Amino acid sequence: MTGVPLSSSPIPRRSILIGTVGMAAAALASCDKASSSTSSTSANATSRTVTLSIAANAISGGKSSKEADWFAKYVIPEFIKAQQAKGVTATVSFQPSGVDDEQYKSKLALDLKSKSGADIVSLDGIWVGEFAQAGYIKPLKDVVGSSVTSWEGWSQIPEAVQANAAFDGNTFGIPAGTDGRVLYFNKKLFAQAGLPANWQPTSWTDLISAGEKLATLSGVTPLQIDAGTAMGEATTMQGFLPLLVGAGQQIYANGKWQGNTQAVRDVLTFYQAILAKKLEDSTLQLAAKGRDESFGAFAQGKIGVLAEGDYFWRSVINPNGGDAPMATRDSDVGWAFIPAMAPGKGVGGADYASMSGGGGYFLNPSTPYPQQAWELLTFMSSKAAILARLDGAAQVTARKDVNSEVLSKDPLLSFVSQKVLPLTHYRPGLAVYPQVSLALQQATADVVSGKSPADAATAYQAALVKALGGADQVTTS
Amino acid sequence: MSPQAFLRRVGFVLFLAVVTAFWALPMLWLVTAPFDAHPGLTVRWPEWTLDNFRRLSESPYAFSSLRNSVLLAGGAMILVTVFGALAAYALSRVHVPGRGAILYGMLLLSSIVTGTAAMVPIFQLMFTLGLIDDRTGVILVLTGGLLPAAIFVLKDFMDATPRSYEESARVFGASPTQVLRHVVLPIARPGLATIAVWALVNAWGDFLTAYILLRDPTKTPAGVVMYTFYSEGGQANLPLISAFSVLYALPVVVLYIFVSRRYGFRFHGGIKS
Amino acid sequence: MSDRAADAAGLGRPRAAAFMAPALLLITAFLVVPALWTLVLGATNYRLTGLAAANPQFVGTGNITEALSDPGFGWSLWLTLLFVLGSAIFGQSLAGLSLAWSLRSAPKVVKAVVETLVLMAWILPSSVVAFLWVAYLSRHGGTLNAILQTPGTDWLIQHPMASIIVFNIWRGTAFSMLLFSAALSAVPPSQMESARLVGAGTLAQLRDVVFPHIRGHVLTNTLLISLWTFNDFTPYLLTAGGPNHATEILPVFIYNRALYGGELGYGSAISFLMLIINLVIALFYVRLLRERR
Chain A
1 MTGVPLSSSP
11 IPRRSILIGT
21 VGMAAAALAS
31 CDKASSSTSS
41 TSANATSRTV
51 TLSIAANAIS
61 GGKSSKEADW
71 FAKYVIPEFI
81 KAQQAKGVTA
91 TVSFQPSGVD
101 DEQYKSKLAL
111 DLKSKSGADI
121 VSLDGIWVGE
131 FAQAGYIKPL
141 KDVVGSSVTS
151 WEGWSQIPEA
161 VQANAAFDGN
171 TFGIPAGTDG
181 RVLYFNKKLF
191 AQAGLPANWQ
201 PTSWTDLISA
211 GEKLATLSGV
221 TPLQIDAGTA
231 MGEATTMQGF
241 LPLLVGAGQQ
251 IYANGKWQGN
261 TQAVRDVLTF
271 YQAILAKKLE
281 DSTLQLAAKG
291 RDESFGAFAQ
301 GKIGVLAEGD
311 YFWRSVINPN
321 GGDAPMATRD
331 SDVGWAFIPA
341 MAPGKGVGGA
351 DYASMSGGGG
361 YFLNPSTPYP
371 QQAWELLTFM
381 SSKAAILARL
391 DGAAQVTARK
401 DVNSEVLSKD
411 PLLSFVSQKV
421 LPLTHYRPGL
431 AVYPQVSLAL
441 QQATADVVSG
451 KSPADAATAY
461 QAALVKALGG
471 ADQVTTS
Chain B
1 MSPQAFLRRV
11 GFVLFLAVVT
21 AFWALPMLWL
31 VTAPFDAHPG
41 LTVRWPEWTL
51 DNFRRLSESP
61 YAFSSLRNSV
71 LLAGGAMILV
81 TVFGALAAYA
91 LSRVHVPGRG
101 AILYGMLLLS
111 SIVTGTAAMV
121 PIFQLMFTLG
131 LIDDRTGVIL
141 VLTGGLLPAA
151 IFVLKDFMDA
161 TPRSYEESAR
171 VFGASPTQVL
181 RHVVLPIARP
191 GLATIAVWAL
201 VNAWGDFLTA
211 YILLRDPTKT
221 PAGVVMYTFY
231 SEGGQANLPL
241 ISAFSVLYAL
251 PVVVLYIFVS
261 RRYGFRFHGG
271 IKS
Chain C
1 MSDRAADAAG
11 LGRPRAAAFM
21 APALLLITAF
31 LVVPALWTLV
41 LGATNYRLTG
51 LAAANPQFVG
61 TGNITEALSD
71 PGFGWSLWLT
81 LLFVLGSAIF
91 GQSLAGLSLA
101 WSLRSAPKVV
111 KAVVETLVLM
121 AWILPSSVVA
131 FLWVAYLSRH
141 GGTLNAILQT
151 PGTDWLIQHP
161 MASIIVFNIW
171 RGTAFSMLLF
181 SAALSAVPPS
191 QMESARLVGA
201 GTLAQLRDVV
211 FPHIRGHVLT
221 NTLLISLWTF
231 NDFTPYLLTA
241 GGPNHATEIL
251 PVFIYNRALY
261 GGELGYGSAI
271 SFLMLIINLV
281 IALFYVRLLR
291 ERR
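Protein chains in written order, with this note's numbering: chain A, 1 to 477; chain B, 1 to 273; chain C, 1 to 293.
Wrong hints could be hidden among the right ones.
What the hints assert, rightly or not - So the derived list for chain C, only partly shown, Cβ under 10 Å to chain B, looks like this: (1) 65; (2) 66; (3) 115; (4) 144; (5) 146; (6) 149; (7) 150; (8) 206; (9) 207; (10) 209; (11) 211; (12) 233; (13) 251; (14) 274.
What the hints assert, rightly or not - In silico SDA-like links for lysine to any residue, alpha-carbon gap of 25 Å or less: (15) A:302 with C:143; (16) A:302 with A:348; (17) A:66 with B:14; (18) A:73 with B:231; (19) A:302 with C:158; (20) A:66 with B:128; (21) C:111 with B:187; (22) A:66 with B:258; (23) C:111 with C:237; (24) A:141 with C:143; (25) C:111 with B:258; (26) A:187 with A:198; (27) A:141 with A:371; (28) C:108 with B:51; (29) C:108 with B:262; (30) A:187 with A:217; (31) A:419 with A:350; (32) A:213 with A:276; (33) A:345 with A:476; (34) A:138 with A:213; (35) C:108 with B:38; (36) A:466 with C:108; (37) A:138 with C:71; (38) A:115 with A:87; (39) A:66 with B:64; (40) A:451 with A:188.
Think of the hints as simulated: they come from the structure by calculation, not from any bench.
Please read all numbers here as calculations on a predicted model, not as lab measurements.
Quick reminder that beta carbons are idealized off the backbone N, C-alpha and C, glycines included.
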C-alpha cells in the first residue's frame with residue numbers, strides 16, 4: 001500500500017482533513033497534538049491528595065472476578081491505608097470491564113489515544129508492541145524516571161518473564177505472571193485403550209499412534225489440538241506455535257518471520273494427518289464456541305488428549321469452582337510435555353516444546369501522578385499483594401519468591417514451573433504479531449476445511465507478506 | 001361443511017400450529033433454564049430453584065445495570081419519539097424541497113454509524129464534547145442513530161392519517177399547536193407508541209456504544225453486563241446468564257404488553273379516512 | 001396538490017422548520033458527522049494500534065480498490081445478498097404477509113397469542129436471543145435436534161447460512177406482520193367481498209384486490225427490512241462469521257477486520273461500499289415507488 005504521509009509532525013493532518021469534515025478533523029488533530037507533550041516525571045510528586053484509577057478486563061461477579069475482588073478488597077484499601085500513614089489522602093478506583101479481550105483492548109486504545117483513561121492499565125503481553133508503537137504506553141523510565149530500576153521486585157522476576165512487559169529493549173510495565181503449555185490426558189481412557197498412565201510421547205508419530213489406540217473407544221474424541229479461526233489466539237498458542245517450535249523453528253527469529261517454510265508445512269501436514277485419521281473432531285475446531293465445548297467434553301471424559309495452558313488445570317477442570325469442573329481431576333488427569341516432531345528436532349535440539357505468555361500492568365503515560373502511580377504499581381506487584389491475589393490458590397506468578405511458596409502445593413504447576421518453563425518460548429512482542437497470528441489461524445482453518453497443507457501454506461505466506469507490507473522480512477527456507 | 005372447506009380449515013389450523021411452534025420453541029429455554037438448579041443448553045423440566053437469582057444478586061452490577069438501562073433506553077426513547085414525531089409531522093404536512101433525498105440520505109448514514117467502523121469517530125467526537133463517561137453522551141448517540149428510521153416510518157404513518165380533522169379544527173379557530181395536541185396526537189398515538197417501543201428496544205439492546213463511552217461501573221447498562229458472565233477462557237456461566245437474561249428481557253416484554261393493551265400496537269391510526 | 005392544500009394544519013414553513021430542527025440537529029451532530037468522519041478514515045490506512053495509529057497514511061481510494069480485489073470481501077458481499085434475499089425479501093415479507101392475512105380470520109385468543117410470540121422475538125435483546133438460538137440449535141441436546149430426531153446435528157456448522165437465515169426470519173418478521181396487517185385493514189371490505197363472490201381464490205384476491213392497495217406498504221416494508229438486514233450484526237453472536245467465514249456477512253466482515261484485525265481504515269472503506277450498495281437498493285425502491293404513481 002503506497003500512501004502519502006498524513007502527518008509527519010502532529011499538526012499537518014489537519015490541513016488535509018479540514019474542509020471535508022471540519023469538526024472531525026479538528027478533533028483528530030487535537031488528539032494528536034497532545035501526543036507531542038510529555039508530562040514531567042515529577043508532576044504532582046509531593047501532592048497531599050492523590051486520585052488514581054486502575055483498569056483491567058475483570059469484573060466482580062463476572063469474568064476474572066477474583067482479580068476484580070482483589071482490587072476492591074485488598075489493593076485499594078491497603079494502598080489508601082499505606083498512603084494515609086504518610087499523610088497523603090489517596091482516592092483509588094477500579095474500572096472493571098469483563099468483556100471480550102479485543103473489545104477491552106479497543107476501549108483502552110481509545111482512552112490512551114486521547115490521553116485519558118486509567119492511570120494503571122492491564123495489558124496482554126502481546127499487545128505491548130502495538131501499544132508502544134502507537135505511543136499509547138511509554139517506557140517506565142520515561143514516565144517515572146530512572147528510579148524505576150531500583151525496585152526490589154526486578155530481581156525476583158526472571159528475564160524471560162520481564163520480556164512480557166517489554167518492547168524494543170525497554171520495560172513498559174510490571175509483568176503479573178506467566179504460564180506454560182502441556183498435553184493433558186485422561187488416564188481412565190488411556191487404561192481402556194491400553195496406554196500407560198505415565199505416558200510421554202517423544203514424537204508426533206507417538207501422539208498419532210496414541211490417538212489411533214484411543215480411537216477404538218466409542219464416543220471418544222482422541223485428540224484436541226486447537227485449530228481454526230474461531231478458537232482465536234488459542235489456536236496459535238496451544239496448537240500451531242508449540243508444534244512449530246517442535247518442528248525446529250520459531251515464528252520470528254533473527255529479524256525474519258516464518259513464511260511458507262518446511263516447518264510451517266510440517267505443522268500443517270500434522271494437522272491434516274490427525275484430521276484424515278479422524279483423531280480430531282473438526283466440528284469442535286470450527287464451532288464458534290468450540291473451545292468451550294472441548295473443555296466440557298474433556299471434563300466429561302470424552303476427549304483423550306488435549307493441549308492447553310496451565311489455566312486449563314487451574315480454572316477450567318478445577319473441581320473447586322472451575323468452569324467445567326472435573327471431580328476426578330486429581331486422580332484421572334495426567335500431563336506430558338508436548339513432543340517435538342521427533343526427538344531432538346525442536347528448536348535448539350530440544351525434545352519437547354512449549355509456549356508461554358502472560359500479561360502485566362502498565363502505567364498510562366499521561367497520568368497526572370506518575371510517582372504515585374508507580375508506587376501503586378509496585379505495591380500491587382509486591383510479594384504480599386500477589387499472595388493476597390492468589391488467596392491460597394496456586395498459580396505461576398511473575399515473582400520467584402511467591403512461586404517457591406505457592407507452587408509446591410500443586411503437582412501440575414510444579415511441573416510447569418520446574419520442567420516446562422526452562423524449555424518454553426515466547427511470542428515476539430512485535431506490533432504486527434496479532435496479524436501474523438490471524439494468518440496462522442486461517443492456515444489451520446483452511447486445512448480443517450479441506451485445503452492441502454501446501455495450498456494453506458501458500459495462502460498463509462501471501463497473508464503474511466500483506467501484513468508486513470513486503471516480503472523482505474519473510475523467510476521461506 | 002364441504003370437504004373442501006374442511007380441508008381448508010385443517011390446513012389453516014395446521015399453519016397456525018406450525019407458526020406458533022416455530023416462534024415459541026426457541027423461547028422455551030428462557031422459561032426453564034433460569035429456574036433450573038443445573039441449567040444446560042437443553043430445555044427440560046427444571047429442578048426448580050431461585051438459587052441462580054440469588055447468585056446473580058451477589059454480582060454488584062447486575063441489578064444496578066437494569067436501572068441504568070432504563071435511564072439510557074428511556075432517554076433515547078423519549079428523544080426519538082418526541083423529536084421524531086415533530087419532524088415527521090412537519091415533513092408530512094409541509095412540502096420541504098428535497099425531503100425525500102434528505103430522508104433517504106439520513107437513513108443510509110444511520111447504517112454506518114451503528115457499525116463497528118464508526119467506533120473511533122464516535123469516541124473522539126464525544127471526547128471532544130466532554131461526554132465520555134456521561135449517560136447523556138450515550139443517549140445522544142443512540143438517538144442520532146435511531147431518529148432517521150423513526151422519522152421515515154412515522155412520516156409514512158402521518159401521511160396516512162386524514163387531514164379533514166385538522167382542517168375542521170382550523171376552521172373552528174384552533175392554533176396549529178392545539179391541532180397537534182388535540183387532533184393529531186390522539187390519532188397518531190398507536191403509531192407513536194409502536195415507534196417508542198421500537199426505539200426503546202433498540203437502545204435497550206445496545207452494547208458497543210455504552211461500552212465505549214462509559215467508564216464508571218455504576219453507570220454500566222444491562223447490555224454490557226450481559227457480556228460479562230463469561231470466564232477468562234470464554235466459557236459461559238449458564239446459571240448467571242440464564243437468570244440475567246430473564247431480568248434483562250422482562251422490562252421490554254412488560255412495556256410491550258402495557259403499550260399494546262393501552263394504545264394498541266400497530267401501524268395505523270384509530271380512524272380511517 | 002398544492003402546498004397550501006397539503007398544509008392542512010396551517011403549520012407554515014417557519015413552524016415546520018422549528019418542528020424539524022431538534023431532530024435534524026441531533027442527526028447532524030451524532031449521525032452525519034461521525035458517519036462522514038468514518039468515510040474520511042476509510043481513505044487512510046488507520047489502525048487502532050501500532051505505527052499506523054500514531055502516523056496514519058492517506059491512501060485515497062486504496063482501501064476501496066483493495067476491497068474490490070479482496071476475495072474475502074466478494075464472498076462476504078455474496079453472503080450478504082443471500083442473507084437479505086432469503087431472510088428479508090422472501091422470508092420476512094412472505095411470513096409477515098401470510099401471518100397478517102391468516103390472523104384476520106383467526107379467533108381472537110389465537111391471534112393474540114401468535115402476535116405476541118412473533119413480537120417477542122422482535123423485541124428481546126439480541127444478546128438474549130442469540131443465547132436462545134445457540135441453545136435451540138445446540139448439537140448437545142438442543143431442542144431442534146430433539147424435535148426433528150436428528151441427534152448430534154450441528155446446525156450452525158453443517159447448515160450455517162440456512163441457520164442464520166431462518167434465525168433472522170424468526171427475529172424480524174414482526175415488523176412486516178405489523179405493517180401488512182395495517183395495510184390489509186385499509187383495503188375496503190366491500191372489494192374483498194365482491195372478489196370472493198365472483199369466486200376468486202386466495203391468491204387471486206391477494207393479487208387483484210389486495211396488492212394494488214398495499215403496494216406502497218410492500219415497498220416501504222421491503223426497503224426498511226432490506227436495509228436493516230443488510231446491516232444486521234446479530235448473526236455474529238451465533239456463528240462469529242464461521243465456520244471458516246461461511247456466515248461472514250458484511251457487518252461481521254467489518255467487525256472481524258476492524259476489531260480483530262485492527263484494520264479500521266479498511267473497515268471504514270467497506271462501510272462506505274456498504275453505503276453505496278444500500279444507496280443502490282434504496283434508489284431501486286424509489287424507482288418502483290414512483291412507477292406506482
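Now the hints, each set against the structure:
Among the interface hints, the one on residue 65 (chain C) is violated; its C-beta lies about 18 Å from the nearest C-beta in chain B, farther than the 10 Å criterion. Annotation: residue 66 (chain C) was flagged as interfacial toward chain B, and the flag is violated, the nearest CB pair being 15 Å apart, outside 10 Å. Annotation: residue 115 (chain C) was flagged as interfacial toward chain B, and the flag holds, the nearest CB pair being 8 Å apart, inside 10 Å. With a least beta-carbon distance of about 8 Å to chain B, the hint placing residue 144 (chain C) at the interface is held under the 10 Å criterion.
Interface restraint check for residue 146 (chain C): the shortest CB-CB distance to chain B comes to about 8 Å, inside 10 Å, so the restraint holds. At a threshold of 10 Å, the smallest CB-CB gap from residue 149 (chain C) to chain B is about 15 Å, leaving the interface hint violated. The beta carbon of residue 150 (chain C) is not positioned within 10 Å of any beta carbon in chain B (closest approach about 14 Å), and the interface hint is therefore violated. Hint on residue 206 (chain C) is violated. Least Cβ distance to chain B is approximately 15 Å, over the 10 Å limit.
Nearest Cβ of chain B to the Cβ of residue 207 (chain C): about 19 Å, over the 10 Å cut. The hint is violated. About 17 Å separates the beta-carbon of residue 209 (chain C) from the nearest beta-carbon of chain B, more than 10 Å, and the hint is not met. Violation of the interface hint for residue 211 (chain C) is found here, the shortest Cβ-Cβ separation to chain B being roughly 17 Å, above the 10 Å cut-off. A cut of 10 Å between beta carbons decides the hint on residue 233 (chain C): the least distance to chain B is about 8 Å, and the hint holds.
Evaluation of the residue 251 (chain C) hint against chain B yields a held restraint, the C-beta minimum of about 6 Å falling below 10 Å. At about 7 Å, the closest approach between the beta carbon of residue 274 (chain C) and any beta carbon in chain B falls short of 10 Å, and the interface hint on this residue holds. Between residue 302 (chain A) and residue 143 (chain C), the direct Cα distance comes to roughly 22 Å. Compliance with the 25 Å bound is thereby established for this hinted pair. Simply put, residue 302 (chain A) and residue 348 (chain A) have alpha-carbon atoms about 36 Å apart, too far for the 25 Å limit, and the pair is violated.
With a CA separation close to 53 Å, the supplied pair residue 66 (chain A) and residue 14 (chain B) exceeds the 25 Å bound. For a cut-off of 25 Å, the pair hint linking residue 73 (chain A) to residue 231 (chain B) stands: about 20 Å separates their Cα positions. For a cut-off of 25 Å, the pair hint linking residue 302 (chain A) to residue 158 (chain C) stands: about 22 Å separates their Cα positions. This hinted pair does not check out: residue 66 (chain A) and residue 128 (chain B) have alpha carbons roughly 35 Å apart, beyond 25 Å.
Of the supplied pair hints, the one linking residue 111 (chain C) and residue 187 (chain B) holds, its CA atoms being roughly 24 Å apart against a limit of 25 Å. The straight-line distance between the Cα atoms of residue 66 (chain A) and residue 258 (chain B) is roughly 41 Å, outside the 25 Å bound, and the hint therefore fails. A threshold of 25 Å between alpha carbons decides the hint, and for residue 111 (chain C) with residue 237 (chain C) the separation of about 31 Å lies outside it, so the pair is violated. At most 25 Å may separate the alpha-carbon atoms for a hinted pair to count; residue 141 (chain A) and residue 143 (chain C) exceed this at roughly 59 Å.
Simply put, residue 111 (chain C) and residue 258 (chain B) have alpha-carbon atoms about 17 Å apart, close enough for the 25 Å limit, and the pair holds. The straight-line distance between the Cα atoms of residue 187 (chain A) and residue 198 (chain A) is roughly 9 Å, inside the 25 Å bound, and the hint therefore holds. This hinted pair checks out: residue 141 (chain A) and residue 371 (chain A) have alpha carbons roughly 11 Å apart, not beyond 25 Å. Proximity of residue 108 (chain C) to residue 51 (chain B) is assessed by CA-CA distance (about 38 Å); at most 25 Å being required, the pair is judged violated.
Distance restraint check for residue 108 (chain C) and residue 262 (chain B): the Cα-Cα separation of roughly 17 Å lies within the 25 Å cut-off, and the hinted pair is therefore satisfied. Pair hint residue 187 (chain A) plus residue 217 (chain A) holds up; C-alpha atoms about 13 Å apart against a cutoff of 25 Å. In summary, the hint linking residue 419 (chain A) to residue 350 (chain A) is supported, as the alpha carbons are separated by about 13 Å, within the 25 Å threshold. The hinted pair formed by residue 213 (chain A) and residue 276 (chain A) meets the criterion: a straight-line CA distance of about 15 Å does not exceed 25 Å.
Of the pairs offered as hints, the one joining residue 345 (chain A) and residue 476 (chain A) holds, with about 18 Å between alpha carbons and a cut-off of 25 Å not exceeded. The suggested pairing of residue 138 (chain A) with residue 213 (chain A) is violated, with an alpha-carbon distance near 53 Å, which exceeds 25 Å. With a C-alpha separation of about 38 Å, the suggested pairing of residue 108 (chain C) with residue 38 (chain B) is violated against the 25 Å cut-off. Of the pairs offered as hints, the one joining residue 466 (chain A) and residue 108 (chain C) is violated, with about 62 Å between alpha carbons and a cut-off of 25 Å exceeded.
A hinted pair counts as satisfied when its Cα atoms are at most 25 Å apart, and residue 138 (chain A) with residue 71 (chain C) does not qualify at roughly 39 Å. For the hint pairing residue 115 (chain A) with residue 87 (chain A), the CA-to-CA distance comes to about 29 Å; that exceeds 25 Å, so the pair is violated. Distance hint between residue 66 (chain A) and residue 64 (chain B) is fulfilled; the C-alpha atoms sit about 21 Å from each other, no more than 25 Å. Proximity of residue 451 (chain A) to residue 188 (chain A) is assessed by CA-CA distance (about 35 Å); at most 25 Å being required, the pair is judged violated.
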